[in-house]
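K.L.:
Residue strings, one per chain:
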Amino acid sequence: MFAFILRRLAQAAIVMLSVAFIAFMLFQYVGDPVSSLLGQDATQEQRESLRQDLGLDQPFPVQFAKFVGNAVQGEFGLSLRQGRKVSTLIAERFPATLELSLAAAVIALVVGVPLGVYAALRRGRFGSQLVMTLSLLGVSLPTFLIGILLILLFSVTLKWLPSFGRGDVVTLGGWTTGLLTVDGWKHLVLPAVTLSVFQLALILRLVRAEMLEVLRTDYVKFARARGLPDRAVYFGHALKNTLVPVITITGLQLGSLIAFAIITETVFQWPGMGFLFIQAVQFADVPVMAAYLCLIALIFVIVNLVVDLLYFAVDPRLRIENPAGGH
Amino acid sequence: MTPAPSVTSTAAPSAIARFLDSDIWFSFKSSPMAIVAAVIAALCLFCSLFAPWVSPHNPFDLASLNLSDARLPPAWLEGGSSKYLLGTDDQGRDLLSALFYGARISLLVGLASVAVSLVVGVGLGLLSGFVGGKTDAFIMRVCDVMLSFPSILVALLIDGVGRAIFPQADERLAFGVLIVAISLSGWVQYARTVRGSTLVERNKEYVQAARVVGVAPLRIMFKHVLPNVMGPVLVLATIQVAAAILTEATLSFLGVGVPPTSPSLGTLIRVGNDFLFSGEWWITVFPGLMLVLIALSVNLLGDWLRDALNPRLR
Amino acid sequence: MTALLEVRNLRVEFPSRRGTLLALDDISFSIQAGEILGVVGESGAGKSLTGAAIIGLLEPPGRIAGGQILLQGQRIDNLPYEQMRAIRGRRIGAIFQDPLTSLNPLYTVGRQLVETIQTHLKVGAEEARQRALKLLQETGIPAPEARLDQYPHQFSGGMRQRVVIALALAAEPQLIVADEPTTALDVSIQAQIIRLLRGLCKDHGAAMMLVTHDMGVIAETCDQVAVLYAGRVVEIGPVSDVIHSPSHPYTRGLMGSIPAMDEDREELLQIDGAMPRLNAIPAGCAFNPRCPQVLPRCTQQRPELMPAGATRAACWLVPQSAQTPV
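Residue numbers (the working numbering), protein chains in the order written: chain A, 1 to 327; chain B, 1001 to 1314; chain C, 2001 to 2326.
Take these hints with a grain of salt, some might be off.
[Stated by the list, open to error] Below, in silico cross-link-like pairs of lysine to any residue (SDA-like), each with a Cα-Cα straight-line distance of 25 Å or less:
| id | chain 1 | residue 1 | chain 2 | residue 2 |
| --- | --- | --- | --- | --- |
| 1 | C | LYS2122 | A | LEU137 |
| 2 | A | LYS221 | C | ALA2184 |
| 3 | A | LYS221 | C | ARG2090 |
| 4 | A | LYS240 | C | TYR2107 |
| 5 | A | LYS221 | C | GLN2154 |
| 6 | A | LYS240 | C | ARG2111 |
| 7 | A | LYS240 | C | ARG2011 |
| 8 | B | LYS1029 | A | LEU137 |
No lab work stands behind these hints: they were computed from the structure.
Go ahead and model the full structure; you've got the sequences and the hints to work with.
P.N.:
See the structure below:
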């Protein structure tokens, strides 16, 4: 198992380096940082001196190494659009995105898994078909449209919930949280639901498909043949085996939730990293794009690692290296 | 003594007759959802492709726009007129026509992206599975890295980079970048699926026989292996069309998709978003509905196709 | 004496798109307490379906369309689900073909055993564990204490099947339905497992319905044997009689096609043709197109099981004189 962890860490390092490379290439070749910092009317001298200051006259590998060194410390320079440090900007916005993503993840899991199990067990009945049709709707509706429709219904027509911003937040150390105020919760509801819909539908369909597969296996047949009660067969045997592959996919989905938050944050003007990223793309603000990219890659890699470890904990076939012999 | 068999001439049934007798057609006929979905998809496709002929107005002919007709509600509400069945937007454009033209753009971008994804993905998958070795390992690593990024992010990145590199791009280039962005975020699925199937087929006897006889590898790949792996690819492609259309809509909504001169459904929704709070909901809702209809019917077809092609569920 | 299991005129059909397929057509046999009945036939003859119908686990859309199944004189084919569930495992145990897939990979063997025991017998956890240990010992698994806490993938194929047998015997059923229990095992292990099964059945006084396509297994293990063809019983009787003096041409063909160690033969005998598909069963006797001794009557009228010496065969060739009133 130790070897396994080492291998995964090595893979993670490769992924991070490739991402860093892409981010670095963005810096180098997309737009001219010197022009964007100095403007069009700078003299040749000014350009040269800035070039030297920024270290742009060094050979390529040196620049890359410096970039990686900086990146590891979280140093990405200044935002082209706002002139402030990128790391500060991201740090400010991170809590908002994280809270939103976690809330959406919880909703997707808590609603998706039971509904998926239900749809598998009651296959063919009306309730199950209804659930499946709704889930199909869930993956056919783009996230932004869900957000808009929810705003239309709950903010414009019913006037129950607010439609933009985070509401009242409480600052704890370096973290700002909206979870400690009622207003914060009210602002969280619509965006979290919007963000969760796609993931929920996906998880639901995945759980159902897996469960149907498991229900056809020989060990479930054998369990029934031994006279085990339905509860034990479905929830003891079938469910546990269903959840094992679901863990991996769900883990990966959670990682992509943070990226999908880009859209939700835009629709609801939620002050998170995603909103920042969109503005960066619209403005071609390369330092912010690069920093966001690296951070997302890091989050993904960490989530993947955690999921792999979880897999180890749940599936005994992976744990023990040597199957015993004997007849 | 057995009687002599009667001589009747029976020609082999034609391809059409075989199709009509096949399991696929049967499961299609007996699935009302599939039929409804196919009809809706066909309708949308028709209206979109023939938008200039089907639409009552041309919403992009600036000369025909009448600003005094702006922000009219749909015909069945108070203040609406039968001239503009679904109302107008802030520029006086007929929403129904804008829907058809917009759907056309959305569909074209979606289909083009999937076509590119398909070619790239299937090609790389075939190569990877057939050749094996270091090529295979490399391509798979690339797939792994790309898979760890959600498609929307990849699309956004490529789009953003494209914009930065070509700030004064003309329309065709902008479309090109968009299509590349969406297709690059989707090819990995094809590659993996095809690679998996290729690996299975590669070890089968008919491939080995062809190799022994000396048939060129490329020919083996395309003529023998490819037809056998197309089934799951077809299902994937159908579902990806819906995903591509939604991705394009999202990008356009965010303002980084199609150029503003050729608005797609996403752009229309974005425009309408500004008028939600002033009560002119139709400018957003109708394009949204059209988008959902298209995506939903394509997804339903993909779902049905997957179940129909899965021999174990029959 | 009432038979332990009695199957009367069982019919199983599969409604399908192209009409209803009759997979089991008027199957009848009985098993006495402690007896071992072999059910033999080619793939697709309906052997496994018979077993599935008996334990009430026919996969939909298959369903019992006629006939009766009686356990100790009580009908069990029409019981509601819960009552049938109480019978499964407790009075009828089942063993399936592939030990690799029969065990849940995520649970220890001990847990699966204890769960089965506690479902049917009202015992506490500690006693259940003791019983599980005893079962593992009985099925010949060495170091059972350690094995209880191991996972299925840590056992070899033969050992896994022993665990499966232990699980089937856990609630001490009176009848075991064994569906090709050795087909998926190495040949060297097959003999061991068969001997184990037979020994355990005798020890526990359980009857067994052994489904297989291997006549050698039948010869070694069973008391009676039923030969199935195209969903019908073509011959049934004591093992040695069916093997050494079969009456039905199909059975004769089967026995003739087994190479014998003590004979010098130049050719392998085979029966021409193949078993008909379910949607193309000939009228009259199902075997008539392949039968070397076919009579005109065979293509028109389906023969019932008739006494033929020591066995009963469904064949018009059986001479009237050999038939003794039942």
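K.L.:
Decide, hint by hint, whether the structure agrees.
P.N.:
To see whether the hints hold, each was checked on the structure:
no., hint, result
1, C:LYS2122 - A:LEU137, "violated, 49 Å"
2, A:LYS221 - C:ALA2184, "holds, 17 Å"
3, A:LYS221 - C:ARG2090, "holds, 16 Å"
4, A:LYS240 - C:TYR2107, "holds, 10 Å"
5, A:LYS221 - C:GLN2154, "holds, 21 Å"
6, A:LYS240 - C:ARG2111, "holds, 14 Å"
7, A:LYS240 - C:ARG2011, "violated, 37 Å"
8, B:LYS1029 - A:LEU137, "holds, 22 Å"
In the structure shown, a violation is registered for the earlier hints numbered 1 and 7, in ascending order.
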